[in-house]
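Engineer: Under my numbering, think of the first position of the sequence shown as 1, with each following residue one higher.
The set of hints was computed from the structure by calculation and includes no laboratory data. A virtual CB, placed ideally from N, CA and C, is assigned to each residue, including glycine. Any given hint could be a false lead.
To be verified - Computed cross-link-like contacts, BS3-like style, restricted to lysine-lysine with a CA-CA straight-line distance of at most 25 Å:
1. Lys91 - Lys180
2. Lys110 - Lys124
3. Lys90 - Lys228
4. Lys86 - Lys183
5. Lys227 - Lys86
6. Lys37 - Lys53
To be verified - Ranges between beta-carbon positions, derived for each pair:
7. Lys110 - Ala168: 41 to 47 Å
8. Pro108 - Arg212: 26 to 32 Å
9. Pro108 - Gly202: 56 to 62 Å
10. Ile79 - Phe41: 15 to 21 Å
11. Gly106 - Ala225: 18 to 24 Å
12. Ala226 - Pro108: 55 to 61 Å
13. Arg56 - Lys103: 18 to 24 Å
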Amino acid sequence: GTGIAPPLSSDGDDKDRLNLAKMVRGNDMLPNGHFHKKWQFHVKTWFNQPARKQRRRNARAEKAKASFPRPVAGSLKPIVRCQTVKYNTKKRLGRGFTLEELKEAGIPAKFAPTVGIAVDHRRKNRSLETLQENVGRLKTYRASLVIFPRNMKKPKAFEASPADCSAASQAKGPIMPMKKGTKPALELVKITSDMKQGSQYGKLRIERANARLKGMREKRAADEAAKKDDK
Numbered sequence: 001g002t003g004i005a006p007p008l009s010s011d012g013d014d015k016d017r018l019n020l021a022k023m024v025r026g027n028d029m030l031p032n033g034h035f036h037k038k039w040q041f042h043v044k045t046w047f048n049q050p051a052r053k054q055r056r057r058n059a060r061a062e063k064a065k066a067s068f069p070r071p072v073a074g075s076l077k078p079i080v081r082c083q084t085v086k087y088n089t090k091k092r093l094g095r096g097f098t099l100e101e102l103k104e105a106g107i108p109a110k111f112a113p114t115v116g117i118a119v120d121h122r123r124k125n126r127s128l129e130t131l132q133e134n135v136g137r138l139k140t141y142r143a144s145l146v147i148f149p150r151n152m153k154k155p156k157a158f159e160a161s162p163a164d165c166s167a168a169s170q171a172k173g174p175i176m177p178m179k180k181g182t183k184p185a186l187e188l189v190k191i192t193s194d195m196k197q198g199s200q201y202g203k204l205r206i207e208r209a210n211a212r213l214k215g216m217r218e219k220r221a222a223d224e225a226a227k228k229d230d231k
């Protein structure tokens, strides 16, 4: 086994030998690894997939039974904006509601986790739109919430009556899932002859320059007016 080929002839076998000789570099042994032996030991089967599926289903049922009457999905989460300029146009579920949102909704911060509302004391409201959206989300959740009394003989004012408790059912699936936003409708405009005159790209450049230099021009005009007043 060296990499030196025998003298070539016109047969096709000699061409194969030439290609084989080019496979390695130098006068080394030709690669001849036997990697197909005992392949049965390396085969991965998936015969336990149906049993695992049943086991996961039973585990979900046991978890729902243990958490009754609380929702299966867990706590209610707010709707927040993604971070950075690249993703801030998209919405997602956040870690928890802010203290300001809970205050606007009339829910105490220490009472919220006891009724399935996630709280995040670190997040801050940067916009009025997000604040109002999450406050409305909290009020809708609170209106449909049935709070079981700890003492059925002496229920508190905010707790449900025995009749409401017996009629209540456990919520399954995500709690108040996000609705997909509708895409903005585009308004189609017919191109007129006035639009075709001149360069539209040049007009946009001029408007951008005017917006960029607005403050500088106003300051220059104010300085010139101040100099005229001094004279």
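Engineer: Can you list which hints this structure breaks, lowest number first?
Structural biologist: Result: hints 3, 5, 6, 7, 8, 10, 11, 13 break, sorted rising.
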